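Colleague: Quick mapping for you: the protein sequence lines, in order, are chains A and B.
In this text, residue positions in the first sequence follow my numbering: the first is 1, and each later residue adds one.
In this text, residue positions in the second sequence follow my numbering: the first is 1, and each later residue adds one.
These are calculated hints, taken from the structure and not from any lab test.
In this text, all values refer to a predicted model and were calculated from it rather than measured experimentally.
Among the hints, a few may not be true.
Unchecked claim - In silico lysine to any residue, SDA-like type, Cα no more than 20 angstroms apart, as pairs:
{"id": "1", "chain 1": "B", "residue 1": "2", "chain 2": "A", "residue 2": "107"}
{"id": "2", "chain 1": "B", "residue 1": "84", "chain 2": "B", "residue 2": "104"}
{"id": "3", "chain 1": "B", "residue 1": "2", "chain 2": "A", "residue 2": "111"}
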Amino acid sequence: MSVSVVWIVPVLVLVAGLQHLVPQLTRPGLFFAVTVSPEFRASSEGRGILLRYRLFVWASTLIAIGAALAGLAWLAILLPMVGYLWGFLHARHTVLAYAAAYDQVVEVELDAPPEGLPGGPIVALLPIAALAALGGWAAFNLDRLPARMAVHWGLSGPDAWVTTTSATVFGFLAVYATLCLLLAGVAWGLLHGSRRIATTGRAAAGERLFRRRLMQLMIIMEYLLVCPAVLGLLLPAAPGMTIWGLALTAVIVVFAILMFRSGQGGTRAAANGGTAAVGDRTPDACWKLGMFYVNPADPSILVEKRFGIGYTVNLGNCWSWAALGAVLVPAALGLIFLRQ
Amino acid sequence: MKLRIDLKSDTPVYRQIVDGLRILLVNGELKTGDQLPPVRRLALDLGVHFNTVAEAYRTLAEEGWLEIGRRNGARVVARALPTKADPQTEASFQRRLRELAAEVQARGFSRDRIARELRQLAENLERR
Numbered sequence: 001m002s003v004s005v006v007w008i009v010p011v012l013v014l015v016a017g018l019q020h021l022v023p024q025l026t027r028p029g030l031f032f033a034v035t036v037s038p039e040f041r042a043s044s045e046g047r048g049i050l051l052r053y054r055l056f057v058w059a060s061t062l063i064a065i066g067a068a069l070a071g072l073a074w075l076a077i078l079l080p081m082v083g084y085l086w087g088f089l090h091a092r093h094t095v096l097a098y099a100a101a102y103d104q105v106v107e108v109e110l111d112a113p114p115e116g117l118p119g120g121p122i123v124a125l126l127p128i129a130a131l132a133a134l135g136g137w138a139a140f141n142l143d144r145l146p147a148r149m150a151v152h153w154g155l156s157g158p159d160a161w162v163t164t165t166s167a168t169v170f171g172f173l174a175v176y177a178t179l180c181l182l183l184a185g186v187a188w189g190l191l192h193g194s195r196r197i198a199t200t201g202r203a204a205a206g207e208r209l210f211r212r213r214l215m216q217l218m219i220i221m222e223y224l225l226v227c228p229a230v231l232g233l234l235l236p237a238a239p240g241m242t243i244w245g246l247a248l249t250a251v252i253v254v255f256a257i258l259m260f261r262s263g264q265g266g267t268r269a270a271a272n273g274g275t276a277a278v279g280d281r282t283p284d285a286c287w288k289l290g291m292f293y294v295n296p297a298d299p300s301i302l303v304e305k306r307f308g309i310g311y312t313v314n315l316g317n318c319w320s321w322a323a324l325g326a327v328l329v330p331a332a333l334g335l336i337f338l339r340q
Numbered sequence: 001m002k003l004r005i006d007l008k009s010d011t012p013v014y015r016q017i018v019d020g021l022r023i024l025l026v027n028g029e030l031k032t033g034d035q036l037p038p039v040r041r042l043a044l045d046l047g048v049h050f051n052t053v054a055e056a057y058r059t060l061a062e063e064g065w066l067e068i069g070r071r072n073g074a075r076v077v078a079r080a081l082p083t084k085a086d087p088q089t090e091a092s093f094q095r096r097l098r099e100l101a102a103e104v105q106a107r108g109f110s111r112d113r114i115a116r117e118l119r120q121l122a123e124n125l126e127r128r
């Protein structure tokens with residue numbers, strides 16, 4: 001059995017398990033990205049649709065495992081993705097026949113408690129400032145840096161190197177700084193550019209906690225991103241990346257468990273208190289294929305995903321495109337510099 | 001303290017925000033010095049354009065209820081209620097009340113129900 005099969009098979013099973021659970025993690029008023037009555041998912045039609053989706057998930061996973069065992073690694077990765085997508089789209093198409101009217105009565109608590117970035121804006125911007133300082137130091141000390149930098153790491157240490165020049169150093173740092181900026185921007189967007197579905201009671205408390213956890217994850221990831229930038233530039237042969245990899249995995253696993261336990265927007269915690277489902281207050285017609293939200297009339301930049309955990313961008317808002325451009329252009333330039 | 005709007009209603013959203021906030025202000029639920037959510041925050045939560053909320057805040061500021069701050073926040077300010085309404089306001093009030101009664105009657109409200117609601121409103125006003 002090859003090394004790739006040893007890690008592909010468990011990953012396939014893990015991802016299939018997550019896909020199996022995802023439909024239950026969305027808001028009760030949503031089912032396969034369609035607004036339905038909160039009772040629909042427990043009905044016989046709802047259960048049938050869920051069962052067929054899960055059959056798609058596990059059938060494509062089993063075929064992919066077969067492909068992995070036959071040594072077709074690329075097919076083993078591609079097949080489940082196609083299977084999950086097909087299963088989702090098929091389920092969504094069926095659920096559309098049971099779509100409920102979109103509730104357009106909105107109630108907002110005027111004295112809802114204020115929310116802020118965990119630790120404040122300085123904590124969110126510190127990693128970017130640290131990378132900028134590192135860049136400033138490198139500009140005057142290029143001759144003191146190692147002759148080559150590590151830009152990629154595998155299980156057994158660095159496996160991709162580039163020669164240290166001013167272009168590669170700044171390209172390398174720009175990529176990490178842009179990623180940190182993206183994470184800080186998402187945290188800011190969650191706070192100031194996303195709609196609160198509930199603003200009162202236990203539902204609002206659950207949603208606030210969910211949002212805070214996501215912001216904490218973004219900020220912790222920023223700090224974790226500074227490590228490979230420093231190690232790759234200053235200590236490319238150091239074994240610290242193994243510890244970094246473990247820390248990164250641990251953080252992602254802990255936060256994934258917290259998010260899965262609470263459900264999208266903290267709705268699972270709220271449901272225990274008997275709060276009725278309110279959907280996500282976005283029109284079904286604005287969700288393209290149930291995955292892409294395009295609503296120019298909605299001022300939100302980020303909206304809750306309808307299928308899965310987390311948020312997605314409102315592609316109908318020009319500020320979303322501006323933010324995407326502000327992040328992607330420097331990242332692309334950084335990668336071009338690195339390739340040179 | 002909740003603000004409720006109906007996006008399907010024939011009444012413009014801007015008007016619903018003004019009316020909803022004015023009820024809270026007149027009833028004393030929003031007191032002098034209270035801070036209202038920033039325009040951006042309220043617009044996001046209601047899912048309406050920023051200008052809609054900004055326009056509603058401006059209208060209430062012109063009426064003397066709010067003071068709009070530098071960062072789009074709004075604060076409730078002390079506003080003395082006039083002791084006597086001008087004749088134009090009185091005529092407008094009576095006309096709008098009659099129009100509303102006729103409208104809800106046309107939509108199926110019984111005369112008894114309308115009278116009951118008006119009595120309830122009058123009792124609430126007298127208690128304050």
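Colleague: Run every hint past the structure and note whether it holds.
Modeller: Results for each hint:
no.: 1; hint: 2(B) to 107(A); in the structure: 6 angstroms, holds
no.: 2; hint: 84(B) to 104(B); in the structure: 29 angstroms, violated
no.: 3; hint: 2(B) to 111(A); in the structure: 8 angstroms, holds
The structure shown violates just one earlier hint, number 2.
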